[in-house]
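J.: Going down the list, the protein sequences come from chains A and B.
Numbering of the first sequence is given in the numbering used here, commencing with residue 8 and proceeding in unit increments.
Numbering of the second sequence is given in the numbering used here, commencing with residue 618 and proceeding in unit increments.
Simulated from the structure, these hints should not be mistaken for lab results.
Heads up, a few of these hints could be off.
To be verified - Calculated lysine to aspartate or glutamate pairs in the EDC-like style (CA-CA distance at most 20 Å, straight line): (1) B/Lys-686 with B/Asp-674; (2) B/Lys-725 with A/Glu-269; (3) B/Lys-733 with A/Asp-18; (4) B/Lys-725 with A/Glu-347; (5) B/Lys-702 with B/Asp-794; (6) B/Lys-723 with A/Glu-230.
Unchecked claim - One-sided excerpt, in silico: chain B residues whose CB lies under 8 Å from chain A: (7) Thr-755; (8) Arg-772; (9) Gly-775; (10) Arg-777; (11) Tyr-845.
To be verified - Computed Cβ-Cβ distance ranges for the label pairs, DEER-style: (12) A/Phe-37 with B/Ala-637: 29 to 35 Å; (13) B/Ala-637 with A/Leu-241: 27 to 33 Å; (14) A/Thr-227 with B/Phe-709: 50 to 56 Å.
The C-beta atom is built at its ideal place from N, Cα and C for all residues, glycine as well.
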Amino acid sequence: MAVEFKKIEGDSIQYIALVIILAVATGAGFYAYILDHEIGGLNGLSNRVPWGIVNAGIPYFIGLSAGSLIVSALAGVFNIKKYKVFSRIAAYMAAAWIIAAILSIALDIGKLYHFMNAVRYFNLTSIFSWNAFLYSSYFVICSIYLLVQFEEMERATRFMAGLAVFWAVLVHSGTGAIYSFMYSKELYHSALTPPMFIVCAITSGLGLLLANLYFTFKFTNRELDPSLIRGLGLIFAGLMMVLGYFLAVEGLEKGYIPGLHEAVQFVFLNPGTGVFWSFWLLVVFGIAIPIVIILYPKTGYDLRWISVAGILHAALVFAERFYLIVPGQVFPEEYLHGYELKSLHTLEGYVVSYTPTIFEWLQVIGLVAMVYLVYVVGVKLFALIPERAVEEVVEE
Amino acid sequence: MKSGGINMMSRRRFLILAGAATAGAILTPQISAKTQFVESPEEVESNRRWAMAVDVDKCTECMEELIAKTGDEKVKPPCVVACDKENNVPEFEEKRFDPQWMRIAKLKLEKPVNAKEFYIPLMCNHCENPPCVQVCLTKASFKRPDGIVEIDMHRCIGCRYCMIACPYGARSFNFRDPREGLKEVNPNVQMRTEGVVEKCTFCVHRIDDAIAKGEEPIPACVEACHKYGKGALVFGNLKDPNSEISKILRENIVVQLRANLGTDPHVFYTKLGGE
């Protein structure tokens, strides 16, 4: 066999400490959820902004999952043998992230014990309803794909890789459509969102995977060939440019519509709000700087710098989700065009603010910690990472 | 041999139990908020379509008088008070999660200097093409054959997708248990819990009651508006050509909010700016 996958020992103090830290963070997230629901209203949400960062976790985690899976399947679909070394770890992460996404839905909804209704009743016209089906089937496909890899079934792996990529694109376009098909909110409504979601998924999934590979190989003292990472890094940088292009086109189109001038000004030029910062931090630290890091020869071949770029981008894609979900809610809609409308008894007609509270952050961080807990435990239980990842390994 | 027999038995019993549990989970009859009509849905659809008309002129007059009398800019007029009381709409200190089925909004044209301010009530528009019903994951939001958009509280999972989809901000989420914000409870209206979405139902309980008795239905807000206000609200059946609302729609230019979206809302605003 060309690539040897091997479990890690996982008996060092550092390993156990890492497991404990991740477990505590996960526990804190679920505890924050319980407090939020027992006491009620500990989040920053309102009847004007009913979707906050826990909801943003849904597209974020699904994006990371879809991105990770697409990277994993690169080896299978296009038969790029040198990337086969990463395909298990990426597929495993994809399955872990989709669990986080489904849990994110569970934490976000108001009536957890009605959750099965989402599976039992199907509304053909609801995009979210379709996605409930897509997410669960996606998890099954991820798992089978991983299984056939473990069993080293060559043809089945290639077939499942193709199916997984197709399903990942379907799932994530569907997730984008949940938001972007909402015609009631002009700042939501954009046909560019689903394709942007796919690009964003690959970049964020890939970015995190690059960092993940670096740290995993470093701490397990395995060999990782920078030239192997370089190829992935270039795909990463190229797709970030595509993402920046999409964002620019979308923003400019909105800005061209006189009816949206005020809203666009509020979103892009008003530094007093989180919306403004979510967008510009994404552009500067999430897109521009990571691209420079990858393309600049001194840092572009350095695994540490590539990891920094990957983490920066993946973290700020969460800001992209915030920028997608929040502005359409905080900026009031015009009920009767041309007239200024202000409600006497609710917050309708006013620009409302939404600041996520610590209870919401803990839930999002808890889910991220859970995924890494699943990963850290996974590399001990399953043969996920190759003993060495260098170009020649697969040339034999 | 004996133990094998027991094992066989328990396995069979296990299979029966598992099968029964699965069947139970899938086939349990659902508690449903859907009203059982005596007539068929098609009959209802061809006989009744509920709608409301608002005389903005009268509404503004009422609000101006009320504000002048109380000195309170945010005073709740009789219609809103009646709605809150009738439908067990709670009152919470924190405005961000205080549910409000009916509320009054101030309208102003930005153009002229010292533009006059108008007042209009806002509520669920009971759209012909309701976006909330379109997006609901579980069909908890549904449209009845008589046009009323309702929420099945037993089915709602509280995802709030309908709130995002509603173009009229008509929906409130129960961040808290509504009973915490109620002084008295009207037992005729279904009590909601924490974690579901609620909104105006056109006082569906009154409508069903009146239809069963063969009377003309009247929602709480409309009743209060005629009793204590200026009679700005008119409720009725659009399928009846002789109803007052049909007459109003025939004889006036009416405005639907955000009509460009194609939702076809069924709250019509008339006499904007006084005629």
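J.: Does the structure break any of the earlier hints, and which numbers would those be?
T.: 3, 6, 11, 13
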